[in-house]
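**Student:** First to last, the sequence lines map onto chains W and F. Take the first sequence: its position 83, counting from 1, is numbered 82 in numbering that gives the first Met the number 0, and each next residue is one higher. Take the second sequence: its position 24, counting from 1, is numbered 23 in numbering that gives the first Met the number 0, and each next residue is one higher.
For the record, the hints were derived by calculation from the structure and aren't laboratory data. Even for Gly, the Cβ is constructed at its ideal location relative to N, Cα and C. Misleading hints may appear alongside valid ones.
Quick look at which bits of chain F chain W covers, simulated, 3 or more residues with Cβ under 8 Å [said to hold, decoys possible]:
no., region
1, 48 to 54
2, 72 to 81
3, 89 to 101
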Amino acid sequence: MNVRAIKGILRKDLIEIRREKTTVFWIIVFPMIWLLIMGGIWGHTSPPVTLKVGVVAQGSGAAPIVSAMGNVTLDGRHLFRVIEFKSERSALKNLSSGKLDAVVVFPATFSENLSRGLPVEVVVYYNRADPQEYQIAKGVIEGFFSGFSRELAERREGVLIETLERFLPENTTSRLIPLIEGTARPLSLEEKNVSGRNISPVLFFLAGVMGIQFLFATMSLIGNGTLREIEKGTLRRIAASPTTAWDFLIGKLLSTTVVIFGSILGLIAFSQLVFGSTIFPSLLGWVLLLIGGAFSMGLGLAIAMLTRNVRATSLTINLVSWPMMFLAGIAVPPSTLPNWARPFVDYFPLGRALKDFRLLEIYHVSPSQVAPDVPWLLAASLAVLILAALTYARTVRTLE
Amino acid sequence: MKALIVKNLRKSYGETEVLKGINLEVEEGEIFALLGPNGAGKTTFIRILTEGLAYDSGEILVFGRPLSKETATLIGYCPQESIAYENLTVRENLEFYADLYNAPKERVDEVIREFNLPPDKRAGKLSGGQMKRLNLATAILHEPKILVLDEPSAGLDVPSRRELWKLILGFRDEGKTVVMATHYMEEAERLADRVAIISDGRVVAVGSVEELKKLAGGESVIHVEGILRGAESIPGAIVKGNALRLRTPNPREELPRLIEALLKRGSEIRLVKVEEPTLEDVFVKLTGRSLE
Chain W
0 MNVRAIKGIL
10 RKDLIEIRRE
20 KTTVFWIIVF
30 PMIWLLIMGG
40 IWGHTSPPVT
50 LKVGVVAQGS
60 GAAPIVSAMG
70 NVTLDGRHLF
80 RVIEFKSERS
90 ALKNLSSGKL
100 DAVVVFPATF
110 SENLSRGLPV
120 EVVVYYNRAD
130 PQEYQIAKGV
140 IEGFFSGFSR
150 ELAERREGVL
160 IETLERFLPE
170 NTTSRLIPLI
180 EGTARPLSLE
190 EKNVSGRNIS
200 PVLFFLAGVM
210 GIQFLFATMS
220 LIGNGTLREI
230 EKGTLRRIAA
240 SPTTAWDFLI
250 GKLLSTTVVI
260 FGSILGLIAF
270 SQLVFGSTIF
280 PSLLGWVLLL
290 IGGAFSMGLG
300 LAIAMLTRNV
310 RATSLTINLV
320 SWPMMFLAGI
330 AVPPSTLPNW
340 ARPFVDYFPL
350 GRALKDFRLL
360 EIYHVSPSQV
370 APDVPWLLAA
380 SLAVLILAAL
390 TYARTVRTLE
Chain F
0 MKALIVKNLR
10 KSYGETEVLK
20 GINLEVEEGE
30 IFALLGPNGA
40 GKTTFIRILT
50 EGLAYDSGEI
60 LVFGRPLSKE
70 TATLIGYCPQ
80 ESIAYENLTV
90 RENLEFYADL
100 YNAPKERVDE
110 VIREFNLPPD
120 KRAGKLSGGQ
130 MKRLNLATAI
140 LHEPKILVLD
150 EPSAGLDVPS
160 RRELWKLILG
170 FRDEGKTVVM
180 ATHYMEEAER
190 LADRVAIISD
200 GRVVAVGSVE
210 ELKKLAGGES
220 VIHVEGILRG
230 AESIPGAIVK
240 GNALRLRTPN
250 PREELPRLIE
260 ALLKRGSEIR
270 LVKVEEPTLE
280 DVFVKLTGRS
290 LE
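Looking at chain F on its own, in the form it has when it is part of the complex:
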């Protein structure tokens, strides 16, 4: 059964159309990522799905039922920002959210164990990683069938991020569905079974990571790091800080030309490698824009 069906969803803020007809289908039991840069419309979509934000037109079905307060029990929501009350302990926060969802009281102890949370610590004193885990714990207290995450690893350090990913994968392994919005390519690549690339309020491509990479046309990517001077002027090159990426169908021929061009411009090259295209490369190819 489809966990989520979205048909031609549109939403405007005043004159600005933020969602321009989103169409999606999410299978039960998969991790489905919405990948796009900030401002693409991901958070608006998530808020419509979870917070009841009004939309202009379209249809959303959750396990075949129209989106409503009744379907709210099927969805667990973990927003980007912290929603914990800082003066309340972890346990008190969880008890509060258990009350809101009418979840069994025993679930509070279960999730405290499951997420390795300090029950008597005030939420205001939690580390970033603990706070994120608490956010996630409030989302799964009532054992929802779909977990919706908005930028789950934003602001987390690498170990906390890895820990969080493990929890998300564990949720999928229980047969639950995960819908997550992210602008971290690595997060989408590591976690998602399927990815929808969103740009400017539209879904520009949907598929598994492998399928999407094929959209890059079987091109490879030449990755160069170093002190790059004048690299922006090389046709097709995407420069971010000390790194350059160039998509090409023929790296053997392109690589010497690129190195020569960089050296001529006075660059100091430290690392050169030829890679498979990433989701970001796909995104750039499809939209002509960077994910950042």
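Chain W extracted, bound-state conformation:
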């Protein structure tokens, strides 16, 4: 191994990259813009939404609850904008045309059944065109009615206990009361805040942009960088020196690593500066990032050596990277993915390395929970790198 030559290749690549403005933009500036956009849109707790709800009251007894719906607020914001309809048909027509988020139909017996202590069935229709909005509308409406139902249960419980206390002996009442309370409120939830470190949603996207760097910038830098040297004839000129093709490859891998990790450090600082929170990776976190980087470099080089054409390489890298950005849970939370996409998160090495990185650095799981993945991730990345090196060796041998 010619150490001086490797250092020379590293230095030469760094100078070239620094002077290519488009490369600097894509590697340094673009990820920051990406983080700014994603962090700006999704990187904070969303304010409560106001749902447009159509209400059909088939009797007059629902007026108080309809009025309550119109008045209920969260963080000073109305949860429902209530629009009353005379008929279920016209309300559903508005729902179908996307003018409403939901339609609530109160039966004619609503008030009567409530006052007599009988069960009441309220029908809700949702607009399911946007799955995410559907989830929100469903959660808010069910939350409202669950609160209303709990309030009602507590009132009925009070009336019942008061009646029992009036007519039954005290020792019997004291044994019945807990049973009545348990019947009225079988389960109660209390929300409390976690003390200690707060997790900023922006950190998820910071890790995502690091993954995007591996998918696009890393693959492109190593793949197209090597191809350009072949196409321009400089690799052949290097081959004429005592430096071997392997020295060249090591230098290229090193320069790509330095540039990408420089970009990641820039992102870490940028996140702290703009959003006030960032990730300072632990040693294991850096190991996971290095594994991700090695995998991407291997994949990028292999694609370049198999296509042997800069344009075809760019196209193939995009064809691989764009789907993986979503399917492997790199840019979007894996929880939003359908079941068929989950294997990509778990078995696409870059997706898995990033998932482990997030668990470790954002959700602070114990390193021992993540460490078992390291050997197979490392093996997979090395395997891809070796495959890339073999395709590279074949290309160099057949340079005509």
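Given chain W's structure and the hints, the job is docking chain F onto it.
**Tutor:** Chain F only, in chain W's frame:
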């Protein structure tokens, strides 16, 4: 000592045999030219010698040692195309190549002076002549014993070409060996101590320029310029644009006949001279083909 010995070198690309058994011996301290038309196999030979391009059979010895990565330090290589990184300055390019060859860092400044190069100018902004000098400078940074040049003056204007020739001759004067591939007859005639004429993957003749010219059989050449009409039909005449060349052992008798034939065909003659044969004439005689 022989700087280079090549024995029965063969190379094929698929079904096409490009080198069909090349045999050469290059003396230390001489300028040795490989003269042949494009496609003759010169560049393939140079690439085997320098870039490690695989060959099918044969043997290459560099100062008695088999060709390998170890002998790469003995060879300086200046390919036909520019190998400079355009975004790097001249100095940065030279520093890079110095790293590849483990050459002393002081050599960078030395060659910048020697080749009169602008050290801080980006390679992409260099003129053709400067770029060629930079290419050559990268080849001699590590002070090789053999300098291998592939079409050194291709694409250069006349002053740049003359400047480059001076540098090549200077290298020879230092006692170093130069092996160069060219299809410019004038370049071979001006620079080379010995010339190997290559055609269709074979060495058809080797010798000094004078020795090779004798292969033309002591024939002279009648050179005619003008508006030549129907000149191609004159037996033995080689016509290139407005010039005609005819080899003949007896110019005194041949010249009037040629002029008459041209005039009969409606040609307008501006210049007539009788010359010694050139290397191109030798090449044509040996191969039946033109160098172009």
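**Student:** Just pull the numbers of the violated hints for me, sorted ascending.
**Tutor:** none
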